[in-house]
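As given, the protein sequences belong to chains A and B, one line each in that order.
Its first residue numbered 1, the first sequence is counted upward by one per residue in this note's numbering.
Its first residue numbered 1, the second sequence is counted upward by one per residue in this note's numbering.
No lab work stands behind these hints: they were computed from the structure.
Among the hints, a few may not be true.
[To be verified] Calculated lysine to any residue pairs in the SDA-like style (CA-CA distance at most 25 Å, straight line):
#	chain 1	residue 1	chain 2	residue 2
1	B	230	A	69
2	B	100	A	317
3	B	344	A	51
4	B	100	A	59
5	B	60	A	77
6	B	100	A	66
7	B	100	A	75
8	B	344	B	178
9	B	230	A	59
10	B	357	B	413
11	B	100	A	77
12	B	429	A	81
13	B	132	A	78
14	B	100	A	69
15	B	429	A	51
16	B	230	A	94
17	B	149	B	132
18	B	357	A	66
19	B	344	A	75
20	B	107	A	78
21	B	149	B	135
22	B	60	B	107
23	B	344	A	70
24	B	60	A	70
25	B	107	B	85
26	B	357	A	318
27	B	357	A	317
28	B	344	A	318
[To be verified] Quick partial rundown of chain A residues pointing at chain B, CB under 7 Å, derived from the structure:
#	residue
29	60
30	83
31	87
32	311
33	313
34	314
Cβ coordinates follow ideal geometry from the N, Cα and C atoms, glycine included.
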Amino acid sequence: MSACTLVSVSTVLGCHSCFRVDMFSKGTKRKFSDDGGEMSDESLGGANVSSSYNLQRQSLLDMSLIKLQLCHMLVEPNLCRSVLIANTVRQIQEEMTHDGSWQAVTEAFCNGSQSPSERLVATEVLCRSREQDAEPKLFSVISYEGCREEEVVADETLCSVSVSDAASNVCLSESVGHCWETGELRVVESDEETSEGSRLGPGDDDDDDEDDEDEDEVDEEEESSREDSKSMGQVFGTFEIKNGSSGPDSALEELFSDVDASYYDLDTMLTGIQSAPKMGPYDLLDSLAPSHGPPSLGSPSNCRSDLNELDHIMEIIVGS
Amino acid sequence: MLTLVRIQSCLASMPYIYFVANLLTEILPCGVLCIFCIPADIISTVEFNYSGELLATGDKGGRVVIFQREQESKNRPLSRGEYNVYSTFQSHEPEFDYLKSLEIEEKINKIRWLPQQNAAHFLLSTNDKTIKLWKISERDKRAEGYNLKDEDGRLRDPFRITTLRVPVLMPMDLMVEASPRRIFANAHTYHINSISVNSDHETYLSADDLRINLWHLEITDRSFNIVDIKPANMEELTEVITAAECHPHQCNVFVYSSSKGTIRLCDMRAAALCDRHSKFFEEPEDPSSRSFFSEIISSISDVKFSHSGRYMMTRDYLSVKVWDLNMENRPVETYQVHEYLRSKLCSLYENDCIFDKFECCWNGSDSAIMTGSYNNFFRMFDRNTRRDITLEASRENSKPRAMLKPRKVCTGGKRKKDEISVDSLDFNKKILHTAWHPKENVIAVAATNNLYIFQDKIN
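Okay, chain A solo, but in the shape it has when bound (with noise of 0.2 Å):
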């Protein structure tokens, strides 16, 4: 199982911009250069006997993720190209925790740079069983360097929908197959209209099927997105001071105030609705901007951009 929440991390890594540049320019210095030798060796704890084997394998792994993660967009990618590589990766992923090295590895990349609880947290969310919590950390650390805030921002935001959550379960539960699953998804309709007296169901299946994780992954990782909150309070914090009111509502306006008003200012008008509360959100922060001041905290730029990351890794989500 967390062999495949292992693939899926890295598969659908490569369809989120922000994640691809750390990983891959993490593993990429590490690997290309003079010394890179001796650093593996040294983060492998020493495995010097098959340090060469070590290396090709680790080569092969990330050679493996890049393919995976180059999906050309313009056409289908080839699924049994697709499924070949996974199953490469799934393999040298066996090994390399029978070996013990993964571990050794996931600490290399672990060096000081993520707190104790955080890496707790990502290996809460990523992992379904909780056995072999070794293996997806070091995905689930990559994954959320440089990008964290945003996501956990979402995450206190949108806490009724649990956004972050709902960002890492799409990304790490569903495995190669999530790139393979949407266009499943979408072309379920055509498949039942068309082949009437084929076997129906599979495209049933799939809805039911896709529902169900979704909701048991909210339920599961709504206790480490609580834990989430707290270490990066600091950021939601910012949302509350601002906004003179806690509370997840006037975040929630403010996450929204970079959406195109324009459309509902037409909505509003074709209803034939004057009043100006029934604009909703829109109307409020205009109220709320002159409230605001100068930006004393100097974050209210830093959370605007933040939410248009934010907003892009919504859609994302949401499949839009």
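Fit chain B to the supplied structure of chain A, relying on the hints for placement.
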């Protein structure tokens, strides 16, 4: 001269130019018969029809080109067995899937001929999603002398007609028309990799990565799903269908191969859904040669029944295996195609060549098999004598009246003269598609965008 004229007349309908070189040879063992060049478009499938008179090729641009064999005539003794362009048509167009926001390539994945039942020829061609039945018919006569319309087609005023005449059939220039008769669409979520006409000549199967459907040639709006290996949870997907074929004589039997190197034979009489196989063919893995690439190179890229129906042949990355349908635990024959690549698997994985899908084919009598390799090499194996030969399909080496020299790849140590070292092989020049005439020793080899037709002259 006649040949050139024939080609010219086809040019008008083609956006590209054919280059034809008739290179006959009197010298054994293999002579170059014709080379056809289809510029800018990679040939993606090659198939002879049941009589061998017609040869169809499909390319990446969705076009189908059909070649016809010249009838032997006393006037031109040297033109015996030449293939000339017979018909060209655009089979598939690029499409856009609006639900997934993805392009659907127009590349022709497979062409399969139907047995000829009347003067017209029928073939099935497929791209990733849609299968089409094409009718190719000749017209060499036209009616002249209509009463109600002029020669140029304009209607005549009925009141102006004073006499009646009977229209007469007059000969005209041969015109070959291709028209789509059936379109079998919307039945495949994944990419179609195989089609196969059943021996009952009424049904055919189409296989994509996860499902196989059975169609009736007359019915386009529904098909029966007979194999479905899609897991309920796509996370658990580890195996896909790579090829499928109907048995040549038993219309209830078909096989399909997988990316894990297994072949399943199914009997449609057993159940409506053939998820449970009747026979399972897999060779146990050699533990000493296990590597991270073991699974990838064991993935079967093509499966073909022998003409007799007793054997089947599978092609994986490095070898061709012949299986007896009565023995499931191992193949009866294994031929190494390019074993020297085994040490290069990592590089081939890096440049994606390890995922190349080579095809294989039997000769008419099932005594020989042929498959392609890199550097425009193709290999033929004689099953009886166990001899094998490596030949190259290239313009430079196909001079008129020169026999094809057997090629050899140097695997290590000292390179002999005329040998090629593994490192100087061109992995961009790959022969994936080959076809063997059903009755004679004529082979068609597709090398990227060139089609080579070779003939074994036994004089």
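A quick look at each hint next to the structure:
no. : hint             : in the structure
1   : B:230 with A:69  : holds (22 Å)
2   : B:100 with A:317 : holds (16 Å)
3   : B:344 with A:51  : holds (20 Å)
4   : B:100 with A:59  : violated (33 Å)
5   : B:60 with A:77   : holds (16 Å)
6   : B:100 with A:66  : holds (23 Å)
7   : B:100 with A:75  : holds (10 Å)
8   : B:344 with B:178 : violated (45 Å)
9   : B:230 with A:59  : violated (31 Å)
10  : B:357 with B:413 : violated (30 Å)
11  : B:100 with A:77  : holds (12 Å)
12  : B:429 with A:81  : holds (20 Å)
13  : B:132 with A:78  : holds (22 Å)
14  : B:100 with A:69  : holds (18 Å)
15  : B:429 with A:51  : violated (36 Å)
16  : B:230 with A:94  : holds (24 Å)
17  : B:149 with B:132 : violated (35 Å)
18  : B:357 with A:66  : holds (22 Å)
19  : B:344 with A:75  : violated (29 Å)
20  : B:107 with A:78  : holds (14 Å)
21  : B:149 with B:135 : violated (29 Å)
22  : B:60 with B:107  : holds (4 Å)
23  : B:344 with A:70  : holds (23 Å)
24  : B:60 with A:70   : holds (22 Å)
25  : B:107 with B:85  : holds (20 Å)
26  : B:357 with A:318 : violated (36 Å)
27  : B:357 with A:317 : violated (35 Å)
28  : B:344 with A:318 : violated (43 Å)
29  : 60               : holds (6 Å)
30  : 83               : holds (5 Å)
31  : 87               : holds (6 Å)
32  : 311              : violated (19 Å)
33  : 313              : violated (19 Å)
34  : 314              : violated (18 Å)
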